[in-house]
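Colleague: These protein sequence lines map, in sequence, to chains A and B. Taking this note's numbering, the leading residue of the first sequence gets 1, the next gets one more, and so forth. Taking this note's numbering, the leading residue of the second sequence gets 1001, the next gets one more, and so forth.
Calculated directly from the structure, the hints in this document are not laboratory data. Keep in mind the model is a prediction, meaning the values are calculated, not measured. Mixed in with the good hints, there may be bad ones.
Within a straight-line C-alpha distance of at most 30 angstroms, the following computed DSS-like cross-link-like pairs (lysine-lysine) qualify [stated by the list, open to error]: (1) B/K1039 - A/K206; (2) B/K1021 - A/K166; (3) B/K1166 - A/K166; (4) A/K166 - B/K1133; (5) A/K19 - B/K1133; (6) A/K206 - B/K1157; (7) B/K1206 - A/K133.
Anything over 12 angstroms on all C-beta distances counts as not near chain A; from chain B, calculated [what the hints assert, rightly or not]: (8) E1059; (9) N1060; (10) E1109; (11) E1252.
Just a few of them, taken from the derived set where beta-carbon distance is under 10 angstroms, the chain A residues facing chain B [as the list claims (entries may be wrong)]: (12) I48; (13) Y106; (14) C122; (15) T140; (16) S170; (17) M172; (18) E213; (19) M264; (20) Y265.
Just so you know, even glycine gets a beta-carbon here, dropped at the ideal spot from N, CA and C.
The residues making up each chain are set out below.
2 protein chains.
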Amino acid sequence: MRFISSENNDLIKKVKSLKLKKYRELRKEFFVEGARIVKEALMSSAEIKEIIISEKASENEDIAETICMAIKLGCDIYTVSETVFKSISETTNPQGILATIKMADYDLEEMIIAKSIDVCKCDKYFVILDEIKDPGNMGTIIRTADAAGFNGVIVSKGCVDVYNPKVLRSTMGSIFHIPINLSQDLSYALKEIKTQNIRVYAAHTKGNLYYYEADMTQSTAIVIGNEAFGISDKTMESADELISIPITGRAESLNASVAAGILMYEPLRQKKLCK
Amino acid sequence: MRFISSENNDLIKKVKSLKLKKYRELRKEFFVEGARIVKEALMSSAEIKEIIISEKASENEDIAETICMAIKLGCDIYTVSETVFKSISETTNPQGILATIKMADYDLEEMIIAKSIDVCKCDKYFVILDEIKDPGNMGTIIRTADAAGFNGVIVSKGCVDVYNPKVLRSTMGSIFHIPINLSQDLSYALKEIKTQNIRVYAAHTKGNLYYYEADMTQSTAIVIGNEAFGISDKTMESADELISIPITGRAESLNASVAAGILMYEPLRQKKLCK
């Protein structure tokens, strides 16, 4: 455990730079803040670079427990003053613990190719995000995909940055539980997915099939489009089927993360009922 | 159309006071801001007190359309300078249109008693919110309840104020589409609901019935609990059945509005499949 006294320290400057997307992409690193999410990171396979704690942080029981976990795992731990911690924190009342982490962009092929060994769980489920812009929606969808036991999240280039602090907070730790592929070309990804016999259902308000009429008992990918404009024309053409959620009231649409939640739980429901 | 030049005008002072819950409750009024939601209010049965627009607002096509609608409906319209509008607005870049509206607290009995005339739609569906604290969740749940064709939302005393500007924004106008009952005593409300043969299902992580195993083909009320602590013990005792959403991944829980969305769409799915 080393002590850093100055804001001009290189590590402190690095963490500050990671608040911006361009430096996160340059360094292939991001940071998470708070006892709970740091603990989730420590328990996962994420590659943790540094743990930074404030001098008073260990007075809190939850944080003390997380620090002990980090010590046991042999992490590089740095202590800073409350003032220095405040200067790097994203929150107004920082808990006093953060971790810098190596980005883990999963390879699409590796993610989608079903391994023959994995016999009993050979069906695979993915959610594909096409230009999701709201950080809260993005994080909540990752959290729900984790809860529903999905195998991965594929994120289009035009989406909000997955490593944006608001997204990370909304995932409630699920960012460390589920593989995420940052797709540079969604059309290519959709083509690859279809060659693996994974059915692609895209959510569309004018979809001709209600989601509960779609067969999701075998490998399925669900595409969720932009909050205001829905899925792109290109994605619409690539999808096997457009599915919709019936709106019987006077609301024009559903919130994107609620719609995603309803759709992502449908395969689980169908498969449980099949048993 | 009258012009208000000063921030000391009584109407301007009233609107400013409506930013605080205590004055909203005292005056039984609230306000909504932006062309879209003001339009929704105008098209609904809401009792609009005043419409306030900024001098430049009519330059925008959407706002101009909304102003015309207000004129045709004979609303009291007041024009103010951009500076005065900024002083009453809740947003950093105000669109320049807002409406003050009389609160419409629906009577519980009126809401839940099925009218015999309404034969073909005699099943009634309600969502009951027990200490929902996040404004975004509250608004999104109201929006989803509207979309799923629910008959009303019952809100416990300990919930975030329904007329909080963030809640109103998240409802996307659904606040004007669906009856809302502000319950002073949730135990009493649950008792009343049960006397009407409405089955009460409360969401609980340890619920012994998965939501898709619960019969929701007849009148149903779904209870959603607090984001951190779930439903209260009292509510748990009053419920007919505790239902859960399976978590097969490593997420600890679902976001409250996503969970509510999955549960509120279940009756719709069951009834469509019954046909």
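Colleague: Flag every earlier hint the structure violates by its number, smallest first.
Modeller: As far as the earlier hints go, 6, 7, 11, 12, 13 and 14 are violated by this structure, in ascending order.
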